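Chemist: The residues making up each chain are set out below.
There are 4 protein chains.
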Amino acid sequence: MSEGVIVTATSSISPGLTELGTAPLGVAIVGLGYWGPNLLRVLTENMEVDVRRLCDVDRARLQKYRRRAPRARVCTRFERVLSDPHVEAVIIATPVHTHYPLAAEALAAGKHVFVEKPLATSRLRADELAETAERNQRILMCGHTFVYSPPVRAVKRMLEAGTLGEIYFVSCSRVNLGLHQRDVSVIWDLGPHDFSILLYWLGELPTAVRAVGRDSIVKGIADVAFVTMSFASGIIANVELSWLAPSKLRRTVLVGSERMVIYDDGSSEPVRLFDRGVVYRDPETFGEYHLSYRSGDILSPKIDSYEPLGLQLDDFVSAVRAEKPMEFHSALARSVVRVVEAADRSLLDGGREVAVDGQDIGDQLTGRRELHVI
Amino acid sequence: MSEGVIVTATSSISPGLTELGTAPLGVAIVGLGYWGPNLLRVLTENMEVDVRRLCDVDRARLQKYRRRAPRARVCTRFERVLSDPHVEAVIIATPVHTHYPLAAEALAAGKHVFVEKPLATSRLRADELAETAERNQRILMCGHTFVYSPPVRAVKRMLEAGTLGEIYFVSCSRVNLGLHQRDVSVIWDLGPHDFSILLYWLGELPTAVRAVGRDSIVKGIADVAFVTMSFASGIIANVELSWLAPSKLRRTVLVGSERMVIYDDGSSEPVRLFDRGVVYRDPETFGEYHLSYRSGDILSPKIDSYEPLGLQLDDFVSAVRAEKPMEFHSALARSVVRVVEAADRSLLDGGREVAVDGQDIGDQLTGRRELHVI
Amino acid sequence: MSEGVIVTATSSISPGLTELGTAPLGVAIVGLGYWGPNLLRVLTENMEVDVRRLCDVDRARLQKYRRRAPRARVCTRFERVLSDPHVEAVIIATPVHTHYPLAAEALAAGKHVFVEKPLATSRLRADELAETAERNQRILMCGHTFVYSPPVRAVKRMLEAGTLGEIYFVSCSRVNLGLHQRDVSVIWDLGPHDFSILLYWLGELPTAVRAVGRDSIVKGIADVAFVTMSFASGIIANVELSWLAPSKLRRTVLVGSERMVIYDDGSSEPVRLFDRGVVYRDPETFGEYHLSYRSGDILSPKIDSYEPLGLQLDDFVSAVRAEKPMEFHSALARSVVRVVEAADRSLLDGGREVAVDGQDIGDQLTGRRELHVI
Amino acid sequence: MSEGVIVTATSSISPGLTELGTAPLGVAIVGLGYWGPNLLRVLTENMEVDVRRLCDVDRARLQKYRRRAPRARVCTRFERVLSDPHVEAVIIATPVHTHYPLAAEALAAGKHVFVEKPLATSRLRADELAETAERNQRILMCGHTFVYSPPVRAVKRMLEAGTLGEIYFVSCSRVNLGLHQRDVSVIWDLGPHDFSILLYWLGELPTAVRAVGRDSIVKGIADVAFVTMSFASGIIANVELSWLAPSKLRRTVLVGSERMVIYDDGSSEPVRLFDRGVVYRDPETFGEYHLSYRSGDILSPKIDSYEPLGLQLDDFVSAVRAEKPMEFHSALARSVVRVVEAADRSLLDGGREVAVDGQDIGDQLTGRRELHVI
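Residue numbers (this note's numbering), protein chains in the order written: chain X, 1 to 374; chain Z, 375 to 748; chain F, 749 to 1122; chain P, 1123 to 1496.
Just chain X, same shape as in the assembly:
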């Protein structure tokens, strides 16, 4: 096959952060299972970062991945990571129930921490991590990468511009065949994706959550759940989560007073904007009320193409460099844990409404100024 004519790509890419004169940030990656290798790949391509250590309980994995980070030392014991003076930041991609203890130890050892979602398995522990980081003046970031995803950002810009008008409700489906988790329900596994997107978009924490589900395959581990969220603004959201589905679907519909959006992750047109709505005419004028339906153009805007994880890790490195705490990210991670925890409790309690506390934290969800502007 011959070579193509050189072409100019029009898509955006992460611009990098080449500040001359700064030594790269020494990091360790802990956990090389499903997601860790992605973090490894992105971090080895980041000029601001030096991957100094890889840590996993499985020696075979360490053998496999050490070739991709030739300067990194490998270890099976986390203490080695903590005691290594070249490691300034620890990147944690281990099973959910280990997020808290590993992050807590790393913060205690004076390291900055990037930890995969969810931040912890309870709001108390999530808050404790956030407070420890603040007290120790360490950066703590949780891997809610979807808030860096190009289509999620495109919808956010529409919401900020008022393109959709007042939002009435949101309906999400995130379903697939597999992968069952051993230790947590589908709400803990898939929920953080949609919850982080919704909280980022809407800028508020729900006041109450209900969830109904079923443990179809493994007793005690719900593999399907229907979660309903109520917000103080009046918005309601329904989130369908499942590891059992005939075909993969990651689809969210936002219905607003002016326009509607379908965000279909994985589609070749991930964001579609529908100029559709209902016009309500007041009964005073017309004797009785009158509705007219408006149906106009449909637009699939051009969506940037860059890797969200690269941009997120750039933000993490910048925050470490600037010693500037990540308030939005902290609030987001703590809020997501609150929603997951409430939903899981409702699920176990047969769908009873569970209030979500921490509305003060929710108030910080609107301050997204720290997010890397694309």
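Hints are computed from structural coordinates only; laboratory data are not their basis. Since we're looking at a predicted model, the values are computed, not measured. By construction, the Cβ of each residue, glycine as well, lies at the ideal position given by its N, Cα and C atoms. Possibly wrong hints are sitting among the right ones.
Ranges between beta-carbon positions, derived for each pair [said to hold, decoys possible]: (1) Z:Arg-445 x F:Val-805: 28 to 34 Å; (2) Z:Ser-641 x X:Arg-135: 55 to 61 Å; (3) P:Arg-1403 x Z:Glu-502: 58 to 64 Å.
Covered stretches of chain Z (chain X as the covering partner; in silico rule of three or more C-beta atoms under 8 Å from a C-beta of chain X) [what the hints assert, rightly or not]: (4) 485 to 496; (5) 716 to 729.
Only some residues are given here: those of chain X computed to face chain F with a beta carbon under 10 Å [unchecked claim]: (6) Glu-269; (7) Arg-272; (8) Gly-296; (9) Ile-298; (10) Ser-300; (11) Lys-324.
Got chain X sorted already, so can you dock chains Z, F and P onto it with the hints?
Modeler: Same frame as chain X, but now just chains Z, F and P:
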């Protein structure tokens, strides 16, 4: 444009009921708004039926439709229908809150009754109608036409054959832009479609229902609702109903232990059967449990093409002729009203779980022998 | 089912031509096979028209359709139509090979003529009809209804506005399972649709045509053909026509220097505009040439919804009233016959290039001022 | 993100060829542009192969890729490859016009050769390479990887089983936006994909080819072409090739007397089998002929998932080991060059029919016994 070669259609059609020697059944159609004209069209094509009267409060409509039924007399007063000795059966397609009074009067006048869904606005009134019909030995049928729809029947056959294995859960969406109803919520308007299909398929009444929704446009009339149903068998079902949506969707997913089905009404392939599932291997054998995912062929079976309404009205006429009460249809109509009523109550009560009574009626949902076999 | 709130439709409809003081135009419809009943339906709804006669060789059809036109007389002999003084215009929807003789007789009898496509089975006969009509000062229109279709019009407006830039090429598929014609190849049956659309859009006649095909099922009747057209402007077009296909497809792609369009008739989004293209930078500046690919938004514009046939017949009636010959329509009908004839000849001659004569007629394809503006 | 439960994949993978006691085959990869890195990746994962040399004119590429093959030496001069005694086979992935000279030199130097498609830019040179390889008892394989693609194999199995009945015609589209080639038309660039698939499926060489196209962007380089092929069996095929298209499409439709297939490369259901057809009843029996259309189920069979390139290179290594010439592959590569050459000549000659010689070579297309059975 020239004429095509004559072709042989392979699709099934309603075979008709030409029993020689019987006079056609005299019927009146009451209500010529959105749905009534369809009933008129189908009844005028039915050789077993003689449309004797059209009744509507709007004279313009009577003028418009009388041309399509040249032998029919028209009237604006329901009493004329009741007192006409040529009218043996009354077909009611009026607004929801009038179903009960009109049907009750017709039964009292000795007429057989076919009434559009839902049968009534409360289970008490639905039960009263059913009991009156039984006591008076009149046929009462409610227009749950979806149980005659070819794709719904195709899925039913798969369920009866055990093709899907044990059903774990069902997820439905029935959304569109419009048409808001004046007097009832979206649950009363769209819910009967999905509820009748689910009850027919599963053969059981849910034990409890929860619904969360919002009155986005007209205060007091919910235009979006997320309804969750729990069944004694362990099955759960989520039904999304909305008059506010960027695009029309009538889609139901059934997840079973052996296979999964997507029923997408309006698609060129309305039923798709996925040979997909999860195999659970017991921890005793393997030390810890082990899951494997199975993914095989996808089949879009050939679906019959006939008009469901034609078949349903054939059944109604046959039941009148045979003087044989329609037990399954009666149980279905009463069950659907129970589910709608419970869901609407839950909606008004902020999503609280509402128990569904009448499990004795639900037991009759499995006796579908009276349904026209296609 | 209850009645919906009255809604205001935003879609356009044919505005009608209610000029008071004019008696309706007396017409006869000849041929009530596949397409004739559509003409009957639209003409009976047209206030400017009085359907006076129905003519068909099949008495059963006459019986069936006379009920839909109560004022019309029926006949099996065409002479009756010609001698009826109340018939001012004859609408012909008979098999292809009868178009010419029936239209010629009707013009000779002093009638105006609307005849289904194609106008005739040879360019000589098509020209003869056009010349007779002109000489006798009668209106002759051919049923190329696609030039009134809303999506076809939407694309035409884009072309006139220069939205697509210079057109490079066009690729069309019109395939389906069925309906084989008895007397003509798939080129005569389906070709006039695409050819009329292309000539209308591009405003020019091709200079040469090639066609390759096969008579898969019935010997001597090609049921699949690939037709290639070359235009003086440099544009090329490929048209795939078939009665043998796994699924129905009516899809046309236009590739221009600035943007591209997909017109998919029957899709819920029949016109999609792609802001995509290639930018060529000159070798003089860059040493060697350089291409960059541009990929922007995709737009599905709101498409009007009205019945094209109604609008076309309005135009016909207006032309009769105004005694104004339909020059564009005449040129279009004669041009389409030229392209079909050339393509069929190429097909029989193994795909040899066949020149298309009549470029003077093609020049009139740009004068579309007579078309009803929507 | 936590780790998933270990799952058992049901998809097939290349089984590998671990014959103990054999030293790995020493290979050089020449050309590291668009496609070469894929060959590098697959070959470094092949236990039977030792990548000894990387060769490219661009030093930056050599620097970039040497890290992926730590044992390989790099060079910019091809002579170094030829004189390296550790290099037993040369893998060539350079621009089209260099395929012949590089392959010829490598064969002359006693190397086995795997060369990207097309084998050469003329049938004379393609034949010369094949004859040289045979004379020197060296293995020569051309990179027609699509004959190893799982969906292409699935369709081949259907054809061999007679599932489709007699094939009437084939219609292919392979279009995309980009990538224009500098030195050859779109026929030389994209044509080999479809031509190799068609020749593999049908087992015969076309007798004649016609092509019409246009050089829309760069003068002298056709970027769109419509190619029509005629086969002795009566089958016709239309192939649309373009670097200018609003959206990517790789779609082939096969229409047979019993069933039809759509092969859509890149779709989640790449092969769809339609149980559709036409039944022709003889005029002798019926007075005149009679057609009936049959429309049954649609099946998306489960398609294996493995990397075709891995399997193809396994076959190459096996052939080298066994010293067994690849007769089918040789015939395929020579046949494809014949078709491309004929199509390109027709294109330059305004679409004139060009005969395809070498029917003796075409006869070997049916002998596919050497292909790795999956």
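Chemist: All hints are to be evaluated individually against the structure, with a verdict given for each.
Modeler: Hints, verified against the model:
Between Arg-445 (chain Z) and Val-805 (chain F) the Cβ separation comes to about 31 Å, which falls inside the hinted range of 28 to 34 Å. For Ser-641 (chain Z) paired with Arg-135 (chain X), a C-beta distance near 57 Å keeps the hint of 55 to 61 Å intact. Judged by the Cβ atoms, the range 58 to 64 Å given for Arg-1403 (chain P) and Glu-502 (chain Z) holds: they are separated by roughly 59 Å. With 0 residues having a Cβ less than 8 Å from any Cβ of chain X, the stretch 485 to 496 of chain Z misses the three-residue criterion, and the hint is violated.
Counting residues of the stretch 716 to 729 of chain Z whose CB falls under 8 Å from any CB of chain X gives 4; the rule of at least 3 is met. Contact between Glu-269 (chain X) and chain F, as hinted, is supported at the beta carbon level, the nearest pair being about 6 Å apart and thus within 10 Å. The beta carbon of Arg-272 (chain X) comes within 9 Å of a beta carbon in chain F, closer than 10 Å, and the hint placing it at the interface holds. Interface hint at Gly-296 (chain X): satisfied, since its Cβ lies 5 Å from the closest Cβ of chain F, which is below the 10 Å cut-off.
With its C-beta approaching chain F no nearer than about 4 Å, Ile-298 (chain X) sits inside the 10 Å limit, and its interface hint holds. At a threshold of 10 Å, the smallest CB-CB gap from Ser-300 (chain X) to chain F is about 4 Å, leaving the interface hint in force. For Lys-324 (chain X), the interface hint is violated, since its Cβ never comes within 10 Å of a Cβ in chain F; the closest pair sits about 36 Å apart.
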